[in-house]
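Q: Go ahead and model the full structure; you've got the sequences and the hints to work with.
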Amino acid sequence: MAINLVKGQKIDLTKGRSSLSGIMVGLGWDPVATKKTGGFLSGLLSGGGGADVDCDASVLLLDENGKLTAKENLIYFGNKKSKDGSVVHSGDNLTGEGEGDDETINIDLKRISPSVHRLVFVVNIYNAKQKKQDFGMIENAFIRLVDNQSNEELVHYNLTDNYAGQMSLITGELYRQGAEWKFSAIGEGASEPDIGSIANKYS
Amino acid sequence: MAINLSKGQKVDLTKSNPGLSKVIVGLGWDTNKYDGGQDFDLDSSVFLLNTEGKTASDADFIFYNNTTGAAGAVEHTGDNKTGEGEGDDEQVNVDLSAIPAAIEKATFAITIHDAESRGQNFGQVSNSYVRIVNGDTNEELIRYDLGEDFSIETAVVVGELYRHGGEWKFNAIGSGYQGGLESLVKDFGLNS
Chain A
3 MAINLVKGQK
13 IDLTKGRSSL
23 SGIMVGLGWD
33 PVATKKTGGF
43 LSGLLSGGGG
53 ADVDCDASVL
63 LLDENGKLTA
73 KENLIYFGNK
83 KSKDGSVVHS
93 GDNLTGEGEG
103 DDETINIDLK
113 RISPSVHRLV
123 FVVNIYNAKQ
133 KKQDFGMIEN
143 AFIRLVDNQS
153 NEELVHYNLT
163 DNYAGQMSLI
173 TGELYRQGAE
183 WKFSAIGEGA
193 SEPDIGSIAN
203 KYS
Chain B
3 MAINLSKGQK
13 VDLTKSNPGL
23 SKVIVGLGWD
33 TNKYDGGQDF
43 DLDSSVFLLN
53 TEGKTASDAD
63 FIFYNNTTGA
73 AGAVEHTGDN
83 KTGEGEGDDE
93 QVNVDLSAIP
103 AAIEKATFAI
113 TIHDAESRGQ
123 NFGQVSNSYV
133 RIVNGDTNEE
143 LIRYDLGEDF
153 SIETAVVVGE
163 LYRHGGEWKF
173 NAIGSGYQGG
183 LESLVKDFGL
193 NS
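Which chain is which? The protein sequence lines are A and B, in order. Read in order, the letters of the first sequence correspond to residues 3 to 205 in our numbering. Read in order, the letters of the second sequence correspond to residues 3 to 194 in our numbering.
Think of the hints as simulated: they come from the structure by calculation, not from any bench. From a predicted model like this one, the values you see are computed outputs, not experimental measurements. Note that CB positions come from ideal geometry on N, CA and C, so glycine has one too. Do not take every clue at face value.
To be verified - Label pairs and their in silico Cβ distance ranges: (1) B:E141 with A:N6: 42 to 50 Å; (2) B:Q40 with A:D65: 22 to 30 Å; (3) A:K73 with B:E118: 34 to 42 Å; (4) B:A104 with A:E66: 42 to 50 Å.
A: Right, here's the structure in full:
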């Protein structure tokens, strides 16, 4: 059974679960007041009854000082695979079927380069500034971690704050502590309007 | 050179530092690395406890609204509302030799002001530490970095100075609690 996290909560993923190696990180969101008929992504992407807000998920691979040291350590729709092959973004425009993930990222914990200590998962609104959009137009944002082998959902975190005025959401972090990997439920909004400026914040 | 403690470790303070009386207890933390809106206001406080582990009166609870206690032997130097910058965020001056005999222990805590209404907790706080500095020489005697064990707690008891025989020792506690300052105040015997 998945552990439902609350904001700020940290859990140990690998302790007592040393076999855990492949995890799928699923990120989801709904546009506010979308009509649910026709599937929620049709509302999201075509504007069929809901706000046409295009959210993108990305991951920053940070070093032990919390810094993004190279451009290739930013994994997003334009750079879907990390150099070591451990982090793979499955791409923009997923179907959103099944359990409701809008975008997913696969992670092979055992292959993550030793220089990477922290993986920060961000969702931001594409072209937010130009379209004058913010996370006040999005609800039900979540991040969940699934064991790739067993398909078991390990943790689920629903972001419940009011993110009006924010154009980016830091959803959570996967980080090393000693030999273990832990997950921290962050759920903080950020005013950075695009993924480039988020990356700059960590440089 | 300072001794770096780990959780649960107890060290002698006065025995290994003869003549030590005035110490500064420095408490530090970093918060809110994501600009998620509200400021964090962390507060440090001291509970002066008797042999039963309780505060005998309101006067033995030292915090931003009651900054001195133990007949002047314990003095909180004041509130810091943002936790910005390096170094100690709040400090408490303690004159060990002047602490009244009825007080067995001084327990140091850090709590988050208005944590519940602001939706904040210690999962969003990092690099918390407590250190003891010799007030006469400014030498750092011991330091305890709390690590990042905290999660949804809103109060952390960081450590305690306590009498042992004729000496003062320090115990690195690092235990988190939910319920903020209010629950600690109740636990230590005051009805706030």
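Q: It remains to establish, for every hint, whether it holds in the given structure.
A: So, going through the hints one by one against the coordinates:
1. B:E141 with A:N6: 42 to 50 Å: This hint holds: roughly 48 Å between Cβ atoms.
2. B:Q40 with A:D65: 22 to 30 Å: Holds, since Q40 (chain B) and D65 (chain A) (Cβ atoms, about 29 Å apart) stay within the stated range.
3. A:K73 with B:E118: 34 to 42 Å: holds (41 Å)
4. B:A104 with A:E66: 42 to 50 Å: At roughly 48 Å between Cβ atoms, E66 (chain A) and A104 (chain B) fall inside 42 to 50 Å, so the hint holds.
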